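The chain contents come next:
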Amino acid sequence: MKHHENTAKWFFLLFLLLLGSFYLSLITGRLPTPLLPSMWTGTLRGVVYDLRLPRIILGILIGTGLAMTGAVYQSIFKNPLASPKILGTTDGAAVGVAAAILWIGTNRVLIELSGFITGLIATLMVLWLSRAIKYGGSVLRLILAGMAVSAFSSALIGLLKFLADPYQVLPTITFWLLGSLNGRGWRDVLYAGPVILAGIIAFHLLRWRVNILGLSDEEAHSLGVNPRLYRGLLIGFGSLIVSASTSVAGSIAWIGLLMPHLARALFGADNRYVIPGSGLIGGIILLLCDTYARSATSYEIPLGIVVSVVSAPVFVLILSRRSLKWRR
Amino acid sequence: MEALKLERIEFGYEPGSPVLSNVSLTVKESTIMAILGPNGAGKSTLLKLILGVEKPWKGGIILYGKPLKEYSPRDKARLISWVPQDPPNIPLSVYEYVLLGRAPHLGFLSTPTPRDETIVLTLLEEMDLWRFHDRPVNSLSGGERQLVMIAKAIAQESKIILMDEPTSHLDIGNKIRVLRIVKQLVNQGKTIIYTTHDPNEALLTADNTVIIHNGRILEQGETNRVVRAGNLSKIYGVKLREVELDSYRYVLPQL
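Protein sequence lines, in the order shown, are assigned to chains A and B. Numbering of the first sequence is given in my numbering, commencing with residue 1 and proceeding in unit increments. Numbering of the second sequence is given in my numbering, commencing with residue 1001 and proceeding in unit increments.
Do not take every clue at face value.
Said to hold, decoys possible - Here are some, though not all, of the chain A residues that point toward chain B, as calculated from beta-carbon distances under 8 angstroms:
| hint | residue |
| --- | --- |
| 1 | 50 |
| 2 | 165 |
| 3 | 166 |
| 4 | 208 |
| 5 | 214 |
| 6 | 216 |
| 7 | 219 |
| 8 | 268 |
| 9 | 270 |
Unchecked claim - Reference listing, derived: stretches of chain A covered by chain B, where coverage requires no fewer than 3 residues with Cβ under 8 angstroms from a Cβ of chain B:
| hint | stretch |
| --- | --- |
| 10 | 222 to 230 |
| 11 | 243 to 254 |
Everything labelled a hint here was simulated from the structure, so no lab data went into it. None of the values given here were measured: they were computed from a predicted structure. Heads up, the beta-carbon is just placed ideally off N, CA and C, and yes, glycines get one too.
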């Protein structure tokens, strides 16, 4: 029971790291910040509580939500390379964001709402299309339908960019989609927070049953689990998280793909630990990346770029480990 | 007592081309039923119908006196467990995989309790599987995986265990180990229904045998009466003969 003995220790350590990152992020920024909260007064108080804190909360929620979605999708699609993008939700949400920036303008509520809705529509289209596809089993059909909807959405995004005014609107669309938490505040936390949090709680409660969906549909049936029903439920919560995250923060790749692998390296393959573990690691990494993105230089680096720069080498490192126990 | 009854079942995957036609059979409690037939005869499909994964076009399945379709998935899983033909290709450890057998005894959002964990630990020790409890299921040998899948079915504490060709990938040592476990399980009160294409396995273990060919039942009844070289020669289209040794009968090929 090697993993079980160390599980509590690792979770404790990850919690400490999250708290540490939280504090580090609060005191890091272009405005020098004293270590003690009692010394945060005047403008600084506003900067910490109204600018940094909501970004920190959003960063943790989005990182946790995307990483947990990745862990769940990798299990239910029986594919270690599955990520939250696999069902076309991310690209679908990006279409809504781009369309709203182009036609509605700078109203952030409408941009985010539009992205959220098109993300969900894209997922529903994938579910509907997967019934029409006759090739492969039910899991492969979902993946193929996701590819088709993603490709279509990407084409739409290209078209919207082509139509956009290249000096004003096009840069806005491009920067939004590169992924960023720049300028996000309490209003965004209130809008996206509850949706993402609901998904996180649902994934946490269902985490053990996700193991069963990694088996064949017959075996899941024999354990009293209707695989289609559970898969639908988990995809539903996943697309809520991904739509809300993408509409608020743009397209953030890698977190959903990579964090489950890091969690598996610590906890083994049991989703009882992998799902919450991925969530914690995802929250920490996204928070640290965002802190770097907003404070490393005098201008904001898009968060999506920072995450990718950090993640790509880690990904290669993980895949080159011999202990990667997923053989397909 | 009748554990399971199938009444004039008809089923197929494509409309108009049934895989099983007019299949009726009865399985008594605490007995072993072998479903014998060549590859592609419809044996695995029959198990899927009993499991409730597929619904019959016609006919009914009665489980302990009640139609199968009236059971909730969870209640059904408390009565019937399943040992698949293909082992799962997942990196879960043996312990974590066998623990999944406790799912029908847990609530919708529950995780295994210490009691469930104790049941699985004891079972793994009893079956001498504890020594590789920490190894990923997909790193085990064929025989070890088969035993682990049976352990998961036992952890489920169901009355009926369905096994889809439980010995087809095994060497003779593991084959005998698995058949011994099957016999022990029946002595403990379980009902076993398994598919096989080896008539000697049925002769060694099964109380009753059903011979399926081209989706229809050719013969059924007591194994000694049903599994005869003559019947089997017709199905397989080859010459077979019977040999008796130490009061056991065997069917052997004749070249």
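Does the closest beta carbon of chain B sit nearer than 8 angstroms to the beta carbon of residue 270/A? holds, 5 angstroms
With chain B as the partner, please determine if residue 214/A meets the hint condition of a C-beta pair closer than 8 angstroms. OK, holds: residue 214/A within 8 angstroms of chain B, min 5 angstroms.
Would the stated hint for residue 165/A survive a check requiring a Cβ distance to chain B of less than 8 angstroms? Cβ of residue 165/A sits 50 angstroms from chain B, so the hint is violated.
Is the shortest C-beta separation between residue 166/A and chain B less than 8 angstroms? violated, 49 angstroms
Given hint residue 219/A near chain B, where the shortest CB pair must fall under 8 angstroms: holds, 5 angstroms
Stated coverage of the stretch 222 to 230 of chain A by chain B [criterion: 3+ residues, CB within 8 angstroms]: That given contact holds, which follows from 5 residues of the stretch 222 to 230 of chain A lying within Cβ reach (below 8 angstroms) of chain B.
Hey, does the residue 50/A contact hint survive, CB to chain B under 8 angstroms? violated, 37 angstroms
When the nearest CB of chain B is found for residue 216/A, is that gap smaller than 8 angstroms? Because about 6 angstroms separates residue 216/A from the closest Cβ in chain B, which is inside the 8 angstroms limit, the hint holds.
Three residues or more, CB to CB closer than 8 angstroms: is that satisfied between the stretch 243 to 254 of chain A and chain B? Result for this restraint: violated, n = 0.
Regarding the hint that residue 208/A lies at the interface with chain B, is the smallest CB-CB distance below 8 angstroms? holds, 4 angstroms
With chain B as the partner, please determine if residue 268/A meets the hint condition of a C-beta pair closer than 8 angstroms. holds, 6 angstroms
The structure fails hints 1, 2, 3 and 11 (numbered hints given earlier, in ascending order).
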